[in-house]
Amino acid sequence: MKHRFSAATLAACAFCLPLASQAQTEVQWWHSMGGALGEWVNDLAKDFNASQKDYKITPTFKGSYDESMTAAIAAYRAGNAPHILQVFEVGTATMMASKGAIKPVGEVMKQSGLPFDPGAYVPAVAGYYTAPNGQMLSFPFNSSTPVFHYNKDAFKAAGLDPEKPPTTWPEVALAAAKLKASGHKCPFTTSWISWTQLESFSAWHNVLYATKNNGFGGLDTRLAFNTPLHVRHIENLANMAKTGLFVYKGRNNAADATFVSGECAMATGSSALYGSVTRNGKFGYGIGTLPYYPDVQGAPQNTVIGGASLWAMSGKKPEEYKAIASFFSYLSKPEVAAASHQRTGYLPVTKASFEMTDKSGFYKKNPGTDVSVTQMIRKTTDKSRGVRLGNFVQIRTIIDEELEGVWKGSKTPKDALDTAVKRGNEQLERFQKANKS
Amino acid sequence: MEKRVLFKSVWLPWVLIAPQMAVILVFFFWPAGQALYQSLLLEDAFGSSSEFVGLENFRRLFADPSYLESFYTTAIFSGLVAVSGLTIALLLAVMANRVVRGAGIYKTLLIWPYATAPVVAGVLWLMMFASPYGVLAYALREVGFEWDHVLNGNHAMALIVMAAVWKQISYNFLFFLAGLQSIPHSLIEAATIDGASPWKRFWSIVFPLLSPTTFFLLVINIVYAFFDTFAIVDAATHGGPGKDTSILVYKVYYDGFKALDINGSAAQSVVLMVIVITLTVVQFKFVEKKVNY
Chain A
0 MKHRFSAATL AACAFCLPLA SQAQTEVQWW HSMGGALGEW VNDLAKDFNA
50 SQKDYKITPT FKGSYDESMT AAIAAYRAGN APHILQVFEV GTATMMASKG
100 AIKPVGEVMK QSGLPFDPGA YVPAVAGYYT APNGQMLSFP FNSSTPVFHY
150 NKDAFKAAGL DPEKPPTTWP EVALAAAKLK ASGHKCPFTT SWISWTQLES
200 FSAWHNVLYA TKNNGFGGLD TRLAFNTPLH VRHIENLANM AKTGLFVYKG
250 RNNAADATFV SGECAMATGS SALYGSVTRN GKFGYGIGTL PYYPDVQGAP
300 QNTVIGGASL WAMSGKKPEE YKAIASFFSY LSKPEVAAAS HQRTGYLPVT
350 KASFEMTDKS GFYKKNPGTD VSVTQMIRKT TDKSRGVRLG NFVQIRTIID
400 EELEGVWKGS KTPKDALDTA VKRGNEQLER FQKANKS
Chain D
0 MEKRVLFKSV WLPWVLIAPQ MAVILVFFFW PAGQALYQSL LLEDAFGSSS
50 EFVGLENFRR LFADPSYLES FYTTAIFSGL VAVSGLTIAL LLAVMANRVV
100 RGAGIYKTLL IWPYATAPVV AGVLWLMMFA SPYGVLAYAL REVGFEWDHV
150 LNGNHAMALI VMAAVWKQIS YNFLFFLAGL QSIPHSLIEA ATIDGASPWK
200 RFWSIVFPLL SPTTFFLLVI NIVYAFFDTF AIVDAATHGG PGKDTSILVY
250 KVYYDGFKAL DINGSAAQSV VLMVIVITLT VVQFKFVEKK VNY
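As you go down the protein sequences, you meet chains A and D in turn. For the first sequence, the positions run 0 to 436 when numbering that gives the first Met the number 0 is used. For the second sequence, the positions run 0 to 292 when numbering that gives the first Met the number 0 is used.
Just so you know, these hints were derived from the structure itself, not from any lab. Some clues are possibly wrong.
Stated by the list, open to error - Here are the simulated DSBU-like pairs of lysine-lysine, each with C-alpha atoms no more than 30 Å apart in a straight line:
hint	chain 1	residue 1	chain 2	residue 2
1	A	Lys407	D	Lys288
2	A	Lys432	A	Lys151
3	D	Lys257	A	Lys98
4	D	Lys284	A	Lys102
5	A	Lys410	D	Lys257
6	A	Lys163	A	Lys315
7	D	Lys257	A	Lys432
8	D	Lys257	A	Lys211
9	A	Lys98	A	Lys382
10	A	Lys413	A	Lys177
11	A	Lys432	A	Lys102
12	A	Lys61	D	Lys257
13	A	Lys211	A	Lys350
14	D	Lys288	A	Lys382
15	D	Lys257	A	Lys421
16	D	Lys289	A	Lys413
17	D	Lys257	A	Lys435
18	D	Lys284	A	Lys315
Claimed, not checked - Chain D regions said to be covered by chain A (calculated; three or more residues, Cβ under 8 Å):
hint	region
19	6-13
20	85-92
21	97-108
22	147-160
23	234-242
As the list claims (entries may be wrong) - FRET-style restraints, in silico, Cβ to Cβ:
hint	chain 1	residue 1	chain 2	residue 2	range
24	A	Asn251	D	Ser47	46 to 54 Å
25	D	Val118	A	Lys432	29 to 37 Å
26	A	Glu425	D	Val275	55 to 63 Å
27	D	Asn153	A	Gly297	20 to 28 Å
28	A	Gly37	D	His184	56 to 64 Å
29	D	Tyr105	A	Lys432	12 to 20 Å
30	A	Gly99	D	Lys7	41 to 49 Å
31	D	Val275	A	Gly37	37 to 45 Å
32	A	Thr380	D	Phe144	44 to 52 Å
33	A	Lys163	D	Phe70	20 to 28 Å
34	D	Phe144	A	Asn132	53 to 61 Å
35	D	Leu139	A	Lys98	48 to 56 Å
Since the model is a prediction, treat every value here as computed from it, not as a measurement. For each residue, glycine too, the CB sits at the ideal point set by N, CA and C.
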């Protein structure tokens, strides 16, 4: 009996083997989208899987951006890398410099034979993820940019016009003073200090954050954010901090929650904060463009992107790359990309998806959602294309550390920026050395 | 008179300690060897280009003034964690030892924090002190004290010390309680009859008899403060403001896991290893002499 059973299984397996090889090609996708954004990612995979029969995308949440990147690198070293990895923008230089760990998306698309036009993507978004030779290296999946968030109710209470957000830094200081006079404890705050106040600040004023076109021109780039203009801006913020107009709320996105809760009346932060404020904020919510100094020539230029892109890892089978390519071209479909943009507040990936959203009247119905797009859809300059540096995570932390000395009054802005440049350059030298061979 | 039992066989003792040796080799010597090896290399994050650089990673570390400062920060942090952790736990254990009714409930409740992960401990304390709605930050403001761990280094240090101590108290408490219960009652009763006050009884009888436990816990607590506290720092302060709470092990964690600088991180863990080995040797050489077994 036993023998007959195993023989039967064997016979069955003779049939099941060829069946298995004809089954779907499965693709692993590691991402860092939690909460509502996690649902968005799962919906994308579900809809893609339902749209065809050959491929199956399996998204897996791997923790925060740095956690999933560490996990993927460990997996790569052990020979088990996922097919698709979502990497935040500060990890871009590390991914680009990795020899043989990734397969450029441009190449994946070309080999798959699917129609692919790099020109269809929004230049300011895709340009960040494109190699000097024009090859698209990673797929621009979720990009955001810093914008100015403000609380219309607090503006009304302070006697300010809720429909007119301040557009320049002097106007921000004036509005903050009025908010303070009306009893507001936290008139202005910001998250991601380096991203909003130095990286985007530089592009917005068309000055360099780092030499060699902010790192696009080579690994021998060095930091340059200690010019008189940068010092002037940090001095301005330091004075605002002294008088209680600017309240520092901590590193990374710690300040976001204080704006959503209504504690702080104005905040510079990611455009992707939109979803969280509309869902949880209990006040009139307005979005304005990032403030600038009106006396600076060429300002405002454009802001830089944040968020993440999708990388195809190396060493996979040809049909798996086909699956990846077909998923990426699905994500680029105007209707899919437009729906993602409207759902999350991330920037539209393709020009067609932007036009589609515009035509549908979405921006008119949701005023402020177009701010990030208009800040980005401009002709970029070599100075404003974005910032792509190695060891960028450390450099941002160094900036946090040095500027905290300014906010508590133990360092001058000039001293803090000079030290940050010096310490940051050590990181750049080290990255250059580790990646030269 | 020789009391020890000697093995007649040559290989039996080796066989008996083999499982333990295997565990130590696999879980201690192998990773420690890896750390030593990695600390001499310079690699990119994916390990695709690797270069032998000798002591370059160490030279770079010690040329960095902020790294040298974090030794000082670590000394203060570890000292505060070990001393206050032991003191509070001893106080609680002495109290719990006297309780007759409901002793089980007290003891169980006091052991709970040990089951908490360090990162959760960090987040819990962060939330209590978060400005302006954290319970304790609010209470402090009511009595006129402006709590600000985001920009005040002393407040930030106090915050991580509290979280680290709170998490470790249960462990210390358990050992102290066991130590107290093993002290013969007859000794204390005799002292009581001789007219010694509770204070005198504690310092001249209980505390000396507890010294082996205290010594053991001192070693464990210092090792804990040096190695196991990075998650608390990461959750509560990120090492800030500036570098005021950036203790050595936090930088090891940050450079290795957040910044993907595996070789720099390995070099730091080698330094940390040397410090802890030295500290433990010193403790056994000098402090142990004062211990009565």
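- Return the numbers of the hints above that this structure violates; sort them in rising order. 1, 2, 4, 6, 14, 16, 18, 19, 20, 21, 24, 26, 27, 29, 30 and 33
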